[in-house]
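Assembling the complex is the task here: the two chains are given apart, and the hints tell you how they should meet.
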Amino acid sequence: MIPLDRYPKEISLRDDARVVLRPMIPEDTDGLWIFLRQLPEIDKAHFHDDVDRREAVDRWAKTPDYEAVLPILAIRGDRIVGTATLYRNKTGWKQRIGIVRILIAPDHRHLGLGTAMIREIRHLGEKVALNYLMAEVIEEQQSAVRALERMGFEKAVVYRNFVNDRKGHLHNLVVLLHPMSSLEKEIFY
Amino acid sequence: MNCSICGVDHFSAPGRGRATPAGERSCPYQGVPYTGLRAGHDQIYFGRWRRMDATSIDLQRAYHQLERLLNGIAVALETEDIPAARLDLGKAVEALHTAGPGEGGLEALRYLDHALSYAHRVIGDLLHEKGLPPHSPADFAGWYDAGEVPFREDW
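First to last, the sequence lines map onto chains A and B.
The numbering of the first sequence is our numbering, which starts it at 1 and goes up by one.
The numbering of the second sequence is our numbering, which starts it at 1001 and goes up by one.
Chain B extracted, bound-state conformation (with noise of 0.2 angstroms):
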């Protein structure tokens, strides 16, 4: 069930919880700056798509989850003058026609990773615009199917 606050599948509680003691969802995204961009992104980083076993339907799902988050990228971008941003908004979209929705097999993964890594980099731009550190999936992946989190040294 997606979450109300940040519209994406999570878990209820970090750590594979269902719940808080009380009962209720809680979200990991609240209150930051970008909810929608920020989940959106970390579910599909933490997707089945990347997996061993991926199915063909897991593929067209990120697809489908990619291009919602770049027109939701897209129309954060539409007030902010990040040039350099809207540079790499175009070289996602154009990743993602390259991987295509239906497409299997490791270029179309390859163009999917390189999609997301786009829009990766273009929500760190509106959080540097705004005066924030910028977006790191590792600080959710506890809420998360997440098996590896691949390490992300900062610099």
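For reference, chain A alone in the conformation it holds in the complex (with noise of 0.2 angstroms):
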């Protein structure tokens, strides 16, 4: 089971703003569907259901598998302004493995807020024994890109013109992986 007690976790970002960080709940539906319309299209481009249907949103916020995937939600006053997703697999060669997508709504961004949830996702990899986090952004997302580098992940690779967005032009994706602790354990003992 990942471990929740660290949350509620109130954090305050650059502008003294302070911020609430906790797993999604299905009451979280409302707040998820006004948050991902304020994104901007390129923002999108990875979700596999098309979130801009209302019902998409729900079918996401109203059934959390939180050993599947984690959102933490970071929350200011009542209203939702950015995300960090933990996707992992429960078997399979990938299930130490995670997988990150971080979003911040655009009025909170440059506030070392994209940094935190990079922090909370890197804490709770560490408490499931992740070998890995991985990361995979979109190369014209180059804040994401400079932040997910100074918090430690590496470029893996980048694919040129490889992936489409939601009007079907193509982008590069890089690809960054964090190495965990227990992945030098294993190597090292």
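Hints in this document: simulated from the structure, not taken from any laboratory.
It cannot be assumed that every hint is accurate.
Claimed, not checked - Think about it this way: if two alpha-carbon atoms lie no more than 16 angstroms apart in a straight line, the pair counts; the simulated EDC-like pairs of lysine to aspartate or glutamate are: (1) B/Lys1130 / B/Asp1081; (2) A/Lys44 / A/Glu184; (3) A/Lys127 / B/Glu1129; (4) B/Lys1091 / B/Asp1113; (5) A/Lys9 / B/Glu1129; (6) A/Lys167 / A/Asp52; (7) B/Lys1130 / A/Glu10; (8) B/Lys1091 / A/Glu154; (9) A/Lys44 / A/Asp165; (10) A/Lys62 / A/Asp49; (11) A/Lys167 / A/Asp43; (12) B/Lys1130 / A/Asp16; (13) B/Lys1091 / A/Glu184; (14) A/Lys90 / A/Asp65; (15) A/Lys127 / B/Glu1080; (16) B/Lys1091 / B/Glu1067; (17) A/Lys127 / B/Asp1081; (18) A/Lys9 / B/Asp1081; (19) A/Lys62 / A/Asp30; (20) A/Lys167 / A/Asp50; (21) B/Lys1130 / B/Glu1080.
Encoded structure:
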């Protein structure tokens, strides 16, 4: 079981705003819907479902399975201003690799929230003994790439003209990996 | 002269000032969590060893300052459950040892820089656990003889 006893956790941003971090619950559906509608198109390109459709958001929010998909929300007042999601496979050869996706509301960027969310996911990844965290980012999202690199992620590969946005335009995909402490233990002990 | 509050040598007032109007020293780190670690980090961050005209003495000083900083971080981490920070501290120590205490040259500089970056990340982890934003040396640049502050974008 992934330990969630650190939540709710309150953090300060660079503008002194207080934000509460906690796992998403089914009652967050309305807030999540509003949050997703604020995001630029490029930030929504990775979703498997069309999150511009309310039923897709309902399905995501109302059936949480934290062992497979753990969305941590950043909430300012009663508004969702960011999400960090840790995706895990319960079985199989990638069960010790966690995939990270972080979304920040446009008006809450450059305040340190993205970095704080990376720190949260890194902490959770350590707690469930993952070997690697993996982040996939479209190359144009340079702020995200730099923030991930500053937090210990390393560029593993850049796939040229690899993924398409929702209008069909191709983009380079940057894959970044973060080795975790359990990997070091497995290699050296 | 080292500040009695944070323990490092910084200006007594921002902007190369030597004293407050009342003639007393003031400390920009007073009251902030992890005062010693933040000040210790910035002393190295803005240190002479990064300048073009740095001498081997500047490098040796930076090495020993980093050694003290990492020891301080290790003490702070003893009571915290942050595995990622422990891993980064280990990497910082490794980079510091690779740089060596009396080594010059670009490689030593690079490893000292790596060690300092890891240290910065661990200080950020400690602050995050307390619900605080990461430490930004740029906020304290006016208190040091800092020529140019590298731009650090936050996300």
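Flag every earlier hint the structure violates by its number, smallest first. Violated: hint 2 alone.
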